[in-house]
Amino acid sequence: MKAKVYVTLKPSVLDPQGKAIHHSVELLGFEQIQDVRQGKYFEIALDSNLEESEAKETAERIARDILANPVIEDYRVEIVS
Amino acid sequence: MKFGVIVFPGSNCDHDAYHVVSKHVGQPVDFIWHKQTDLSRYDAVVVPGGFSYGDYLRAGALARFSPVMKAVKDFAAQGKFVFGVCNGFQILCEAGLLPGALMRNSGLHFVCKHVNIKVENQNTPYTSELEKDKVLSIPVAHAEGNYVCDDATFHALEENNQIVFRYCNESGEISPEANPNGSRSNIAGICNLDRNVLGMMPHPERACEELLGSNDGRDIFRSLTNAIARI
Chain R
1 MKAKVYVTLK PSVLDPQGKA IHHSVELLGF EQIQDVRQGK YFEIALDSNL EESEAKETAE
61 RIARDILANP VIEDYRVEIV S
Chain L
1001 MKFGVIVFPG SNCDHDAYHV VSKHVGQPVD FIWHKQTDLS RYDAVVVPGG FSYGDYLRAG
1061 ALARFSPVMK AVKDFAAQGK FVFGVCNGFQ ILCEAGLLPG ALMRNSGLHF VCKHVNIKVE
1121 NQNTPYTSEL EKDKVLSIPV AHAEGNYVCD DATFHALEEN NQIVFRYCNE SGEISPEANP
1181 NGSRSNIAGI CNLDRNVLGM MPHPERACEE LLGSNDGRDI FRSLTNAIAR I
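Residue numbers (this note's numbering), protein chains in the order written: chain R, 1 to 81; chain L, 1001 to 1231.
Derived by calculation from the structure, the hints in this document are not laboratory data.
The beta carbon of each residue, even a glycine, is placed where N, CA and C say it ideally should be.
Among these hints, one or two may not hold up.
Unchecked claim - Not the full set, but computed from the structure, chain R residues with beta-carbon under 7 Å of chain L:
1. Ala20
2. Ile21
3. His22
4. Ser24
5. Val25
6. Pro70
Claimed, not checked - Every beta carbon over 10 Å from chain L, so not counted as near; a handful from chain R, in silico:
7. Phe30
8. Arg37
9. Glu43
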């Protein structure tokens, strides 16, 4: 069983790296790009005998306590069996 | 009086802090490896600058889980002095000892230069030997010094006079031009409510010798030493 964790900056937080990437994307010739935001993606392998709800709870706790900083970031967890 | 300088894997301003405390402050000081959990013999600990754990995940994020950090939290709760500089400030924010977070500089560059900071609150153990509004020249060297917090936290910091230093120009004007990293309201350093925990991005330990361009940092260490002596 695998947990996919997406960590993204809160919408209210400016993302200077995303802005720089946006600029480069425009230089590459892509038009109609409104915004780019950078985030982080984690894959966590969990014991296969876990119930999906337990796996989700575990991954949520890991995301909350370590992977994301709640001051500036949000997270989302998906479980894939 | 005894100081400790905490050493994480990747700390690199630990020797600077040690040098300043032993030579200029003239007090006994130990290096404290991050696996140590007993801080009972110390009056103040410095959480130094550097790249603890290589800045993996987020600057300061993994150092928070080092065994010494539980001891640092207890130490702070006892009212003892915890002084975080640069990566140390980032670690104290990640550990919840100070509010807010430090993000990538708004200009994206690693900023390494002398900046001016203004003493916004002289009623702290770290600034008692300084005058309010005094301008200090202290170097910064960081890529993640952009102080961020939500509105409620910011208003609480202001109301409780927890903003200790702000980036300014030579004459003490606090302007966007004087802000090296995009920090909210030019914040360069904050303390906790009890005033015993201070975090700042500029490096006062690199500004204690005229030869290095400034010795304005000495007054911060002198303030702290006097605060410990008064206890």
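Consistency of the hints with the structure:
1. Ala20: 6 Å, holds
2. Ile21: 10 Å, violated
3. His22: 12 Å, violated
4. Ser24: Violated - the Cβ of R/Ser24 stays beyond 7 Å from chain L, reaching only about 12 Å at its closest.
5. Val25: 15 Å, violated
6. Pro70: 9 Å, violated
7. Phe30: The claim stands: R/Phe30 keeps its Cβ more than 10 Å from every Cβ of chain L (closest is about 20 Å).
8. Arg37: Since the minimum Cβ distance to chain L is about 13 Å, R/Arg37 lies beyond 10 Å and the statement holds.
9. Glu43: Its Cβ never comes within 10 Å of chain L, the nearest being 15 Å, so this holds.
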